[in-house]
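Number of protein chains: 2
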Amino acid sequence: MRLATRANGKPDGELLVVSADGTRCLAAGPQLPNLLSAIEDWASAQPQLEALAVQLEDGAGERLDEATLAAPMPRSWQWLDGSAFQTHADLMQIAFDTEPLNPVRPLMYQGMSDRFLGPREDVAFLDEAGGIDFEGEFGVIVDAVPMGVSPAEAMQHIRLVVQINDWSLRAYAVPEMHTGFGFILAKPACSVAPIAVTPDELGASWQDGRVCLDLQIDWNDERFGSANGREMSVGFHELVAHAATTRDLVAGTMIGSGTVANRDYAEVGSSCISERRAIEIIANGKPDTGFMHFGDTVRMEACTAEGASPFGAIDQRVVARQA
Amino acid sequence: MRLATRANGKPDGELLVVSADGTRCLAAGPQLPNLLSAIEDWASAQPQLEALAVQLEDGAGERLDEATLAAPMPRSWQWLDGSAFQTHADLMQIAFDTEPLNPVRPLMYQGMSDRFLGPREDVAFLDEAGGIDFEGEFGVIVDAVPMGVSPAEAMQHIRLVVQINDWSLRAYAVPEMHTGFGFILAKPACSVAPIAVTPDELGASWQDGRVCLDLQIDWNDERFGSANGREMSVGFHELVAHAATTRDLVAGTMIGSGTVANRDYAEVGSSCISERRAIEIIANGKPDTGFMHFGDTVRMEACTAEGASPFGAIDQRVVARQA
Chain A
1 MRLATRANGK PDGELLVVSA DGTRCLAAGP QLPNLLSAIE DWASAQPQLE ALAVQLEDGA
61 GERLDEATLA APMPRSWQWL DGSAFQTHAD LMQIAFDTEP LNPVRPLMYQ GMSDRFLGPR
121 EDVAFLDEAG GIDFEGEFGV IVDAVPMGVS PAEAMQHIRL VVQINDWSLR AYAVPEMHTG
181 FGFILAKPAC SVAPIAVTPD ELGASWQDGR VCLDLQIDWN DERFGSANGR EMSVGFHELV
241 AHAATTRDLV AGTMIGSGTV ANRDYAEVGS SCISERRAIE IIANGKPDTG FMHFGDTVRM
301 EACTAEGASP FGAIDQRVVA RQA
Chain B
1 MRLATRANGK PDGELLVVSA DGTRCLAAGP QLPNLLSAIE DWASAQPQLE ALAVQLEDGA
61 GERLDEATLA APMPRSWQWL DGSAFQTHAD LMQIAFDTEP LNPVRPLMYQ GMSDRFLGPR
121 EDVAFLDEAG GIDFEGEFGV IVDAVPMGVS PAEAMQHIRL VVQINDWSLR AYAVPEMHTG
181 FGFILAKPAC SVAPIAVTPD ELGASWQDGR VCLDLQIDWN DERFGSANGR EMSVGFHELV
241 AHAATTRDLV AGTMIGSGTV ANRDYAEVGS SCISERRAIE IIANGKPDTG FMHFGDTVRM
301 EACTAEGASP FGAIDQRVVA RQA
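For the record, the sequence lines run as chains A and B.
Each residue of the first sequence is one higher than the one before, starting from 1 at the first, in UniProt numbering.
Each residue of the second sequence is one higher than the one before, starting from 1 at the first, in UniProt numbering.
Check the hints yourself; a few may be wrong.
Which copy is meant is left open, because identical chains are indistinguishable; a pair holds if it fits in one copy or across any two.
Distance condition first, Cα-Cα at most 20 Å in a straight line; then the derived SDA-like pairs of lysine to any residue [as the list claims (entries may be wrong)]:
| id | residue 1 | residue 2 |
| --- | --- | --- |
| 1 | LYS10 | ASP122 |
| 2 | LYS286 | CYS212 |
| 3 | LYS10 | ALA266 |
| 4 | LYS10 | GLN322 |
| 5 | LYS10 | ALA144 |
Rather than coming from a laboratory, the hints here were simulated on the basis of the structure.
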């Protein structure tokens, strides 16, 4: 099943079910006004949404206008971002010149969840000096998860899979890491690709809690990376169980993989600029690639071997925030 | 003005205006069903709530039953906790045996905001081995704050002041700090004292964005500390401006002071166990005080010199979470 959200002037938007070919949609209706309310009562919502998906495959629905789509869940009570790709963690240690991180636990910070930007929304920053960087990630949305679940139990709470651009301001990242308190200034609002899918929709590309798809990233219309999500050192179910060690996870909690990265980065490229800079430091002793400028664009799309695009594309421009 | 929230089975509860003497209340009514909705439209809500406060002083209203009160804002989109008391930061460095922290910026992490516990609610943990600790703090609730505000501008967005117990699990804190990513396991849900007050309600006790009140803390009915909030190295307006450096702050964002601590800790005691342990390490080379056990209670109340209690009391018991 594929879900999206139409911007309607309300903070949570209007929930849509999208046809398998991505061309048509049906509004979920007043009983399921938005994705957050649906995920809060998923046992009841899921069959209603599946019934609409059947109607769509029977030809019902209206044309889906991608330009009207917000993030599939425009806000949530909780966003926890992991860093589960060991290749990325190793390279970032070089980029940031930091100590080796504790390898025992999955890394995770809590980020801003009151607003997720839509897939085509301009992304506004006050200045370029922050070191504007994209981070291509996958993520999951869970229903209510009780404290202390096992990874196997956590897997049953993964209701939707999403694709995320976790915008980062690198100039703030290292000083904030040095505090030990995590990221506030370095992590403004994320963007989310238009379609949230149930794990079954990914077929063989959903394996052991990992999204085994290439994440194609283009910066200013040039291919920057196409790393595959399969190399997570822990699966999403393990990230969910980790997050729930000492807290109940509220329904609608979104949990991210961290930047997608592969061991053969020389071949597939990177999913963020900072990681490419680390690779340049390894090769040349110094970074060559600068961060983003106002007017730059970034496009992210995860594609199957057959060319299908389960999450749709993030395609955004970085702009100067008006005072 | 003094506001509280009555538990009514809904996640946000029912907003109440409380009389100056704390004995009576009036429901804010269906136009202002809860505090989060009021803070989202404060310009409209404030005069309506003030009119109810006038009615209360004229004798209207019903008896306030403290046992029915939830946290004044039972959930929010964002909770950012600072660490603004230098004495506490210095002592925690000894307790945790960590490096001196970057002194340039106020320390801040993003914590769990989907649930704030009520002032008399039992606080459940899976086991005692987490190192259960309380942290007495003050906090503020802001309306919508645009990215890039100055501290002076930020001051105008501070609408309410609260008193918080930021529950901490110390066994997780140091490993999580070492990741640089901040606290997930070490920081479960906070508790909040029953009354949220407008800054003017604090009179001379609100100075330069600081709550200049003694925070009296009793652990198992013995006085543990009564540090005063005036020694924040930066005021709340500066914490708000810091938080808003690269993000718009959503209305209802709650920002904490961090553990209240004073230079004369030998006299006034501490607001968390971990800090007392640091003082013991300085004195004796090792900590003597253990963390909390199931069945333990903690009471926190901020009192004026005249004995008034603007926030009311947090009075809770730690219990074992049922599987």
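Results for each hint:
1. Taking CA atoms no more than 20 Å apart as the test, LYS10 paired with ASP122 passes inside one copy only; the shortest distance there is 18 Å, against 36 Å between copies.
2. Proximity of LYS286 and CYS212 under a CA criterion of 20 Å is satisfied in neither setting, with 32 Å inside one chain copy and 50 Å between copies.
3. Neither within a single protomer nor between protomers do LYS10 and ALA266 lie at most 20 Å apart by alpha-carbon distance, with minima of 44 Å and 53 Å respectively.
4. Taking the shortest alpha-carbon separations for LYS10 and GLN322, neither the intra-copy value of 23 Å nor the inter-copy value of 39 Å comes in at or below 20 Å.
5. In the homo-oligomer, the alpha carbons of LYS10 and ALA144 lie at most 20 Å apart only across protomers (16 Å), although the nearest pairing inside one protomer, at 24 Å, exceeds that limit.
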